[in-house]
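Chains A and B are the protein sequences, given in the same order. Residue numbering for the first sequence follows our numbering, beginning at 1 and increasing consecutively. Residue numbering for the second sequence follows our numbering, beginning at 1 and increasing consecutively.
Don't take every hint at face value.
Treat identical chains as interchangeable: a pair holds within one or across any two.
[Stated by the list, open to error] Derived lysine-lysine pairs resembling DSS-like cross-links, with alpha carbons at most 30 Å apart:
1) Lys118 to Lys243
2) Lys97 to Lys201
3) Lys366 to Lys243
4) Lys413 to Lys243
5) Lys243 to Lys97
6) Lys118 to Lys366
Simulated from the structure, these hints should not be mistaken for lab results.
Number of protein chains: 2
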Amino acid sequence: MKAPNAEIVSIGTELLQAASADTNSLYLVEQLQGIGIEISYRTVVGDDRRRIHQVLQEALDRADVVVVTGGLGPTQDDRTRDALADVSGRRLVLHSKTLKGIEERFARRAVAMPEAAKRQAWVPEGFVVLDNRHGTAPGLLWEEGERLLVALPGPPREMHPLFVEQVLPVLLRMAGNGQRIRARTVKVCGLFESQVEERMKELLHGDHPPVSLLARPGEVHVRVTAAGRGEEVESQLQLWEEKLRNLLGEAVFGVDEERLEEAIGWLLRRAGKTVAIAESCTGGLICHRITNVPSSSDYFKRGIVSYSNRAKEDLLGVPFSVIERHGAVSPEVAVAMAAGVRRVAGTDLGVGVTGIAGPGGGSETKPVGLTFIALADAQGEEWCEHRFRFDREGNKLWASQMALEMLRRYLLKISGQD
Amino acid sequence: MKAPNAEIVSIGTELLQAASADTNSLYLVEQLQGIGIEISYRTVVGDDRRRIHQVLQEALDRADVVVVTGGLGPTQDDRTRDALADVSGRRLVLHSKTLKGIEERFARRAVAMPEAAKRQAWVPEGFVVLDNRHGTAPGLLWEEGERLLVALPGPPREMHPLFVEQVLPVLLRMAGNGQRIRARTVKVCGLFESQVEERMKELLHGDHPPVSLLARPGEVHVRVTAAGRGEEVESQLQLWEEKLRNLLGEAVFGVDEERLEEAIGWLLRRAGKTVAIAESCTGGLICHRITNVPSSSDYFKRGIVSYSNRAKEDLLGVPFSVIERHGAVSPEVAVAMAAGVRRVAGTDLGVGVTGIAGPGGGSETKPVGLTFIALADAQGEEWCEHRFRFDREGNKLWASQMALEMLRRYLLKISGQD
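Extracted from the complex, chain A is given alone in its bound form (with noise of 0.2 Å):
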């Protein structure tokens, strides 16, 4: 049996904006490929009835599967469930259920239901209403023959539970026993792409190998996919991992959607070391990094984000001397930052990050970007210097991901050493 393919449609006019990225349709990728459809094509359309319905037309004469999200929404500008009935050549009814649904969530909140919300209810004749937990525009499935048409609805937290639950199951039924095709993306740190290329030639040739790598801001990621049926494809993708793992060593340090920060949060707690942050250029950042690790109170017991000279020294104990002497950015600042935060804190470690963000305040000597980061423990403390020269969140960004980089093979090092 040929494994059905898939077309992905993503509806709304602010998906033709350069501020929106189209999340959904990445989503629907990941799971469609996670369980042997392939995607053929990925389209994005705008709010246009008209154009949805071609768009729709189209895909329906090329794949077995269209799945759709967006515009199901409750304002004039979603035009969805328009383009459905049009191209299932169906009228669209009031759903009473649905209705009810949507008056009793208002209700619950205790808001008065604009009118507009009703429009949620209206749906293509025939068509098999998917209740919606978390929102008030249900999906809808119509299945036709052998081909399936799904859509749903545009805000992730509403899409994914409706796709999971309610689409999954009637796909895997479709794709019967084929062949499962599964991703693993080994992320690094700490080496340059082509390095990563280089420690891991052999196995990149060929049309079509099973390993690409993709750089990131201050990582590389390496990702293989395999196909198979059942456990075979998890114990191919267990190989790669240690192939890679054994290529890389330590600058791998997570798998698939680990990050950086939560690596660290790994480490801090198998070493039972606590940690505290002093920002300058990065304003935050970091913190906010480390804090979007759940419990990260365990291990991260302050930052601060001196951002005047005045902070420095009250809150960490810079003296000034050495402000005058080096300037606000140099070594010598980052290593004060770094012993300062972390005696005031009272935490093992401290990392103190101070540096020229631009675009402005760059000189000759001092250009923008430059940056030193600081580590210190009760030993004592090291540094090191960069040079980004990105714009002033790529510089922050980059400052962030080479201070948890530090602290990242501190973390290696010592618990080497134990």
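Start from chain A and add chain B according to the hints.
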């Protein structure tokens, strides 16, 4: 003369991964729309020579302009050059000027050139080679009859200047004196999407209303498009913006790329006020956002991420008795944090945020998402309570948004009193 229509093709297996947002094509949409070129499709395809060839062939059959990004890098999985050769019926030839440029680039950085880097100097015969000042892979341009095929490297800092400097002029020539389509986004904080829609009801009718709404975390974006020649478009947009500002009043904090933290920067500057931030549950995010704005050190003096009770006592002078009596997540502690950070920093204003970001740490009386935000000035403090229902990062983001909005409304109020 009919304006040309374009398709955008993004190449890269990583773009079929959930972690990758296809920001390049969004950039290109904005650019192309800006000069009156309509985008009919956006397609994403993996690093597969045969499939890229097929997608390019289809796109060239339908569109006047095809812009391709990605897959031009040095690694073996980059297949775009081969597919461009396939679809144009040309062979790949070594472009010596490009090779020399690559060699010099590595020499300048005193890094050994990996053998693979040379792959980027092979180009389809007869294609125009677009010099890339920010990277090693050149852009490629092929004009055949009325059709234009352009391939640009994937990294945005290489792609953007190449597009603006070398592709845009060619496109402007093609687009001739056709209509320009421009958009403006008016950004709102402090109103729900349904409230925004209610206020601008009469603007949202018909099948192609020029106005659309988009909900973002803690913000609503109202996007207006206008078409016309020359300055006509600009004055239409200006009228729309005024209309929206009248309907939405103070809730409007900016337009287009302007961010809430930038609006606050302006208001602080205008009022001549300085601010310090004490964050608990937001973990540094508020400081990070404020410091994303260039020269924010003029008004932002310090931030305290008090992730432990001891930090709240030591750094902010929050009395232990207050924490003991009311709990760390309470209006009393938020107020003491705001007043404390203002006092120790010597700033005009202080902001304090305490809450439960989740997923752990909640209780029946103090559930996950409960957040208190306080603002202190020389006259005293005010506070507000929120209950967010997102995941950890969503709760952090919303809390940062509501804290910035509270500060914005305060600054609007005091500037109104002048």
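Going down the list of hints, with the structure as the test:
1. Lys118 to Lys243: between (56 Å within a copy, 27 Å between copies)
2. Lys97 to Lys201: Cα proximity of Lys97 and Lys201: across copies only (27 Å, versus 59 Å in one copy).
3. Lys366 to Lys243: neither (43 Å within a copy, 47 Å between copies)
4. Lys413 to Lys243: The answer is within: 22 Å in one copy meets 30 Å, while 62 Å across copies does not.
5. Lys243 to Lys97: So Lys243 and Lys97 fail the 30 Å test inside a copy (54 Å) and across (39 Å) alike.
6. Lys118 to Lys366: neither (61 Å within a copy, 34 Å between copies)
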